[in-house]
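Chains as they are written, first to last, in the working numbering: chain F, 8 to 257; chain C, 8 to 257; chain E, 8 to 257; chain Y, 8 to 257.
A portion of the hints provided could be inaccurate.
Here are the simulated lysine-lysine pairs, BS3-like style, with alpha carbons at most 30 Å apart [stated by the list, open to error]:
(1) E:51 x C:51
(2) Y:51 x E:51
(3) Y:51 x F:51
(4) C:51 x F:51
Using C-beta positions, here's what the derived DEER-type ranges look like [to be verified]:
(5) Y:113 x E:245: 23 to 29 Å
(6) F:113 x C:128: 32 to 38 Å
(7) Y:145 x F:105: 15 to 21 Å
(8) Y:142 x F:215: 23 to 29 Å
Take a look, some chain E residues computed to stay more than 10 Å from chain Y by CB distance [to be verified]:
(9) 51
(10) 83
(11) 183
Because the hints were derived from the structure by calculation, they are not lab data.
By construction, the Cβ of each residue, glycine as well, lies at the ideal position given by its N, Cα and C atoms.
Protein chains: 4
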Amino acid sequence: MANNVTNRFHQSLTRNALRSYLAEFMSTFFYVLAVVGSGMSARKLMPDATLNPATLVVVAIANAFALSSVLYTAWDISGGHVNPAITFAMAIGGHVSVPTALFYWVAQLIASVMACLVLRVILVGMHVPTYTIAEEMTGFGASVLEGFLTFVLVYTVYAARDPRRGPLSATGPVVIGLMAGANVLAAGPFSGGSMNPACAFGSAAIGGSFRNQAVYWVGPLLGAAVAGLLYDNVVFPVTATTGVSDGLTV
Amino acid sequence: MANNVTNRFHQSLTRNALRSYLAEFMSTFFYVLAVVGSGMSARKLMPDATLNPATLVVVAIANAFALSSVLYTAWDISGGHVNPAITFAMAIGGHVSVPTALFYWVAQLIASVMACLVLRVILVGMHVPTYTIAEEMTGFGASVLEGFLTFVLVYTVYAARDPRRGPLSATGPVVIGLMAGANVLAAGPFSGGSMNPACAFGSAAIGGSFRNQAVYWVGPLLGAAVAGLLYDNVVFPVTATTGVSDGLTV
Amino acid sequence: MANNVTNRFHQSLTRNALRSYLAEFMSTFFYVLAVVGSGMSARKLMPDATLNPATLVVVAIANAFALSSVLYTAWDISGGHVNPAITFAMAIGGHVSVPTALFYWVAQLIASVMACLVLRVILVGMHVPTYTIAEEMTGFGASVLEGFLTFVLVYTVYAARDPRRGPLSATGPVVIGLMAGANVLAAGPFSGGSMNPACAFGSAAIGGSFRNQAVYWVGPLLGAAVAGLLYDNVVFPVTATTGVSDGLTV
Amino acid sequence: MANNVTNRFHQSLTRNALRSYLAEFMSTFFYVLAVVGSGMSARKLMPDATLNPATLVVVAIANAFALSSVLYTAWDISGGHVNPAITFAMAIGGHVSVPTALFYWVAQLIASVMACLVLRVILVGMHVPTYTIAEEMTGFGASVLEGFLTFVLVYTVYAARDPRRGPLSATGPVVIGLMAGANVLAAGPFSGGSMNPACAFGSAAIGGSFRNQAVYWVGPLLGAAVAGLLYDNVVFPVTATTGVSDGLTV
Chain F
8 MANNVTNRFH
18 QSLTRNALRS
28 YLAEFMSTFF
38 YVLAVVGSGM
48 SARKLMPDAT
58 LNPATLVVVA
68 IANAFALSSV
78 LYTAWDISGG
88 HVNPAITFAM
98 AIGGHVSVPT
108 ALFYWVAQLI
118 ASVMACLVLR
128 VILVGMHVPT
138 YTIAEEMTGF
148 GASVLEGFLT
158 FVLVYTVYAA
168 RDPRRGPLSA
178 TGPVVIGLMA
188 GANVLAAGPF
198 SGGSMNPACA
208 FGSAAIGGSF
218 RNQAVYWVGP
228 LLGAAVAGLL
238 YDNVVFPVTA
248 TTGVSDGLTV
Chain C
8 MANNVTNRFH
18 QSLTRNALRS
28 YLAEFMSTFF
38 YVLAVVGSGM
48 SARKLMPDAT
58 LNPATLVVVA
68 IANAFALSSV
78 LYTAWDISGG
88 HVNPAITFAM
98 AIGGHVSVPT
108 ALFYWVAQLI
118 ASVMACLVLR
128 VILVGMHVPT
138 YTIAEEMTGF
148 GASVLEGFLT
158 FVLVYTVYAA
168 RDPRRGPLSA
178 TGPVVIGLMA
188 GANVLAAGPF
198 SGGSMNPACA
208 FGSAAIGGSF
218 RNQAVYWVGP
228 LLGAAVAGLL
238 YDNVVFPVTA
248 TTGVSDGLTV
Chain E
8 MANNVTNRFH
18 QSLTRNALRS
28 YLAEFMSTFF
38 YVLAVVGSGM
48 SARKLMPDAT
58 LNPATLVVVA
68 IANAFALSSV
78 LYTAWDISGG
88 HVNPAITFAM
98 AIGGHVSVPT
108 ALFYWVAQLI
118 ASVMACLVLR
128 VILVGMHVPT
138 YTIAEEMTGF
148 GASVLEGFLT
158 FVLVYTVYAA
168 RDPRRGPLSA
178 TGPVVIGLMA
188 GANVLAAGPF
198 SGGSMNPACA
208 FGSAAIGGSF
218 RNQAVYWVGP
228 LLGAAVAGLL
238 YDNVVFPVTA
248 TTGVSDGLTV
Chain Y
8 MANNVTNRFH
18 QSLTRNALRS
28 YLAEFMSTFF
38 YVLAVVGSGM
48 SARKLMPDAT
58 LNPATLVVVA
68 IANAFALSSV
78 LYTAWDISGG
88 HVNPAITFAM
98 AIGGHVSVPT
108 ALFYWVAQLI
118 ASVMACLVLR
128 VILVGMHVPT
138 YTIAEEMTGF
148 GASVLEGFLT
158 FVLVYTVYAA
168 RDPRRGPLSA
178 TGPVVIGLMA
188 GANVLAAGPF
198 SGGSMNPACA
208 FGSAAIGGSF
218 RNQAVYWVGP
228 LLGAAVAGLL
238 YDNVVFPVTA
248 TTGVSDGLTV
């Protein structure tokens, strides 16, 4: 048993494993740079206004485009998580070992903090924005909302990584990014549409306010875990053959 | 004959069939969450204004991105309908059996109602928006418009699911979503650009107003049926070989 | 000789050829419906204002999304022209015969007129917008601009239809649409960014003003022809092997 | 040694090499036409206002869409650089020879100048915009920011050109374009989000102001070189097998 644990840790420190952590670090860094950067960019252009439809589009498109791209670059190296909630779901489902998942988390959180730090240092005088919750919502409601959105995201990730997708697998990273963008458009003015605890953590650490931080961890982690288990065990289990409409459609 | 009907019902209740209904439920839930959510999000940001170009972009992009993504996730399981009009066209064309189509409808309608209910409960105080028709238009005109748009959508779905597409099939779900987004940009201020009776039904059920509901069923169902029959029997029948320009281009 | 011409006309009236004309008709109809519809939609939302950045985004995204999608649906049937300028370039380059090209033109022009007519009839009271030229520009300048943009578009079409593209061919229709959208963003406030004589003709016929119509034909047809000849004969001739950097990159 | 240099120059002047330079010229011309054109278009619509969120979306989407498309068209011919910083990274990494890289640079710079010249001549009275730096930022800070963004871009290019990507390679050019668009959204109001020295050079040459030109060369070239070396030697070296999570995911 102890031997087993030691083995797993050794596997987590091979050269390939280290490359995976680096790939997660790079992709998460790029993602947070674009997402938090676009938030600062929108705020710079509309300093006295709160969020409006045009700035929501700025942030949502940045999210969709950046996520598509960074998942693509990490896809064949680390699996393209870029998000502690996704890593959590993968660990729960047994797709990555617990030690590996921990190293992924560390890489993602450090990357996010460093991306926010870079933005803070370069864009002198600009405040790093943290995710905020609409006045009429409770923290519980916001966490439930973020949980639902992360559920959607992780379900899409599982579908996109499914090797049974055939030719569709070419567009996997892109559709995950598109889903994230749509979710930001739906939830932006209410809970911010983070769906990514690393992003929330980094902006909070550099922005200097950990208020409501739990909101962006509890809901997403739960939503992610449920989505992964549901996909693997009910919607498309390994033993499943094709669906009812396959071969019937056009 | 009775035996045949029983058989078909049995086929509709196999494990694979049940997985298909679940996949339809999940994808429709995700789609309605993003589309109706983005409508509420736009309204939250512009409470006193009617639709403007920026909010139209918010809703249209959410539609395009979410539809691309949810079709992708359901593509190999249920065939990726996510829309009673598409299921109707598939049943008319003989691609799914009538009992299966009925179960698809049930799954889609329940998913839509539940997505709107979730939004209503989480986003306390926000009204779930229903599709509305521009003042100068009649309900008949709006239904014709929605019918044309659904015709376009279903024609695109048939093209994307055609196994003769070869390498292009990788981008099938994405182009369907893009077409839906373009249609919303064209019809948003006139009839809302629903093209999906489930979406209209869910928002009406939770929003509390079934006014004009028929508009979003009659036109789309007719348009969908015509599109499917046209594609299957005239534009690209099973017996057709390639087109006139194939092999001639570059 | 006469025999040859007769033969070619017969080839243009086979069942497959007729399906191609129908596919061109459908795709052009869908494209014009979305593009002109989005222009009317933008005008409805901002009746007293001229074009502004948000309405430009509405029109450009509708163009990009719709073109990607309609090219996809017609790709394997008619070759996916949807544009008399592209058909012209294909005929000049010998990829389609002259009679076929003429039937394509007829299908495209009728489709465009009918799409505008449908919009006019359904959206009662709304004027069908025609392409206009910025005050400070001459018609000649606008035609040169449209010619450059159509050159870009047709060059991209030739690249996307090149069978030597390998796996990239899966995204061919999408990148053509994206290029069209980018061009509309660049030229919208100056010459409208039509790049498609059929679209200009249809909106002029129903909008009731053929003013500057030549602008949207002369430049685009010339630009298209030059682009096709350049691609076929200089940039990537049939005899060419791969480029200097192939096999050298990563 | 001298012989070797002569050989390399000869290789840079073969027919295939010349086609590559032409492909770089065309794609860079198209890209700059769309990007600088969209900047002029936005300025035309908002002459008295500085950048606002809607015009940022105009420029960012034009960048994303155009880059995806022009990389696609040049991908199999010249390798699809369209950017002196990418060519620089490829030369540093040994993927193109130094003479070839020099010819690429010449083609890219001439293309950019000509595209800006065309815009200046056609759009009479409009000023060609040059990249500007936000008041509160230093030139050094802007160059660091541009360097980071170019790092992200070039890292994505290396990932997309990696032949080990398998089916994902179909979407390579698209995800590079999306990343560029996200970066423009993040950096637009601060340093302009050029990431491309050719684009900055062309607009400066025709706009008539080389102020801060070094900002758009030093940072991007350094960032590009580091990204290429990092990807090739550390993240995904040629000797590397698959990552830790491959075969473990769903």
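Right, here's what the structure says about each hint:
As the CA atoms of residue 51 of chain E and residue 51 of chain C are separated by approximately 22 Å, the hinted pair is consistent with the 30 Å bound. Of the pairs offered as hints, the one joining residue 51 of chain Y and residue 51 of chain E holds, with about 22 Å between alpha carbons and a cut-off of 30 Å not exceeded. Restraint check for residue 51 of chain Y and residue 51 of chain F: satisfied, since their Cα atoms lie roughly 22 Å apart, inside the 30 Å limit. Under the criterion of a C-alpha separation no larger than 30 Å, the hint pairing residue 51 of chain C with residue 51 of chain F is consistent with the structure, at around 22 Å.
Range check, residue 113 of chain Y to residue 245 of chain E: about 28 Å between beta-carbon atoms, so the 23 to 29 Å window is met. A C-beta distance of roughly 36 Å is found between residue 113 of chain F and residue 128 of chain C, which places it inside the suggested range of 32 to 38 Å. At about 46 Å, the beta-carbon gap between residue 145 of chain Y and residue 105 of chain F misses the expected band of 15 to 21 Å. In this structure the supplied range 23 to 29 Å holds for residue 142 of chain Y paired with residue 215 of chain F, their Cβ-Cβ distance being about 24 Å.
Listed as outside the interface, residue 51 of chain E is consistent with that label: its C-beta sits roughly 18 Å from the nearest C-beta of chain Y, beyond the 10 Å cut-off. Here residue 83 of chain E stays apart from chain Y, with its beta-carbon at least about 17 Å from theirs, past the 10 Å limit. At roughly 7 Å from the closest C-beta of chain Y, the C-beta of residue 183 of chain E falls inside 10 Å, breaking its exclusion from the interface.
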